[in-house]
Amino acid sequence: MLDDPRLHFLLSLVKGIRNGLVYGAKVRFPHSLVIALLYGKGPWPDRLRRIIQATKTHATKLALFVLIYKSSLQLLRSVPGLAFGPAGLLKDEASWHALAAGALAGALIFGDGSPISQQINLYLMSRVLVGVLSLPFLTSPTPQGTEEGVARALARPDLTRQTRSLPSLHRPFAMALWALALWLHRYRPAALPSSLGQSMDYLYLDSEWWTSLRTLLWHNK
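Mapped onto this note's numbering, the consecutive letters of the sequence shown carry residue numbers 1 to 221.
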């Protein structure tokens with residue numbers, strides 16, 4: 001049954017949902033635990049409930065995103081006449097299908113403006129920006145049009161890391177990013193997400209204040 005090609009798509013959904021739940025829990029639980037230890041307020045049972053709720057929300061969102069994205073991609077492939085434009089990885093797939101499926105899933109799952117969605121979107125934005133800036137320097141085209149393309153795409157270190165004289169974007173990227181971050185923090189703090197603003201306050205503003213050796217070296221306040 002597991003090798004039945006007729007069941008491959010449904011089984012891929014099951015595995016994708018499973019991986020979304022596992023990955024979301026692995027990422028969110030330690031993050032929420034550290035935040036609760038460092039900045040949490042209230043009794044520990046309440047903090048633990050918040051940790052579990054945040055972990056559940058993150059994991060569920062990723063699982064639902066995988067479900068919607070893969071289902072949308074399959075639906076677009078199955079509609080005759082929609083495979084126009086540059087070819088994608090599989091037969092009857094156009095490269096724009098991934099754009100459309102990603103847009104739909106992103107809007108439905110991560111477009112609600114919740115704190116967790118905002119964190120995930122901001123995390124993704126920086127990585128996507130680096131990826132887009134690297135596009136002109138990639139020399140290996142994405143394999144197109146066959147099932148072998150998927151197998152080759154899984155070997156991404158061999159596929160996407162081949163570049164021609166790729167200049168280091170890390171320093172100018174960090175320079176622009178941190179310049180904007182510190183300017184916003186100092187002159188437009190309301191524009192920053194509260195979690196980032198609190199972290200930057202702790203580093204750059206709280207370090208300007210102390211009343212004794214205790215609040216200088218041992219306690220922040």
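Simulated from the structure, these hints should not be mistaken for laboratory data.
Using N, Cα and C, we set each Cβ at its ideal position, and we do this for glycine too.
Some hints could be false.
Claimed, not checked - Label pairs and their computed distance ranges (CB to CB):
#, residue 1, residue 2, range
1, L182, L7, 19 to 29 Å
2, L75, N19, 19 to 29 Å
3, S126, Y187, 16 to 26 Å
4, Y187, N19, 39 to 49 Å
5, P136, W178, 37 to 47 Å
6, L182, R127, 19 to 29 Å
7, K91, G197, 43 to 53 Å
8, R188, R127, 39 to 49 Å
9, K26, A107, 47 to 57 Å
10, W209, D112, 33 to 43 Å
11, A179, P5, 33 to 43 Å
12, L7, D201, 45 to 55 Å
13, W44, Y187, 21 to 31 Å
So, going through the hints one by one against the coordinates:
For the hinted restraint 19 to 29 Å between L182 and L7, the CB-CB distance of approximately 54 Å leaves it violated. In this structure the hint that L75 and N19 lie 19 to 29 Å apart at CB holds, the actual value being about 21 Å. Range check, S126 to Y187: Cβ separation about 22 Å, and the 16 to 26 Å hint holds. The hint said 39 to 49 Å for the Cβ distance between Y187 and N19, and at roughly 42 Å that hint holds.
The supplied range of 37 to 47 Å is broken by P136 and W178, whose beta-carbon atoms lie about 24 Å from each other. Between L182 and R127 the Cβ separation comes to about 21 Å, which falls inside the hinted range of 19 to 29 Å. The supplied range of 43 to 53 Å is met by K91 and G197, whose beta-carbon atoms lie about 49 Å from each other. For the hinted restraint 39 to 49 Å between R188 and R127, the CB-CB distance of approximately 24 Å leaves it violated.
With their beta carbons about 25 Å apart, K26 and A107 fall outside the hinted range of 47 to 57 Å. In this structure the supplied range 33 to 43 Å holds for W209 paired with D112, their Cβ-Cβ distance being about 37 Å. In this structure the supplied range 33 to 43 Å is violated for A179 paired with P5, their Cβ-Cβ distance being about 53 Å. For L7 paired with D201, a C-beta distance near 54 Å keeps the hint of 45 to 55 Å intact.
Separation of W44 from Y187 is about 38 Å and departs from the stated range, judged on CB atoms against 21 to 31 Å.
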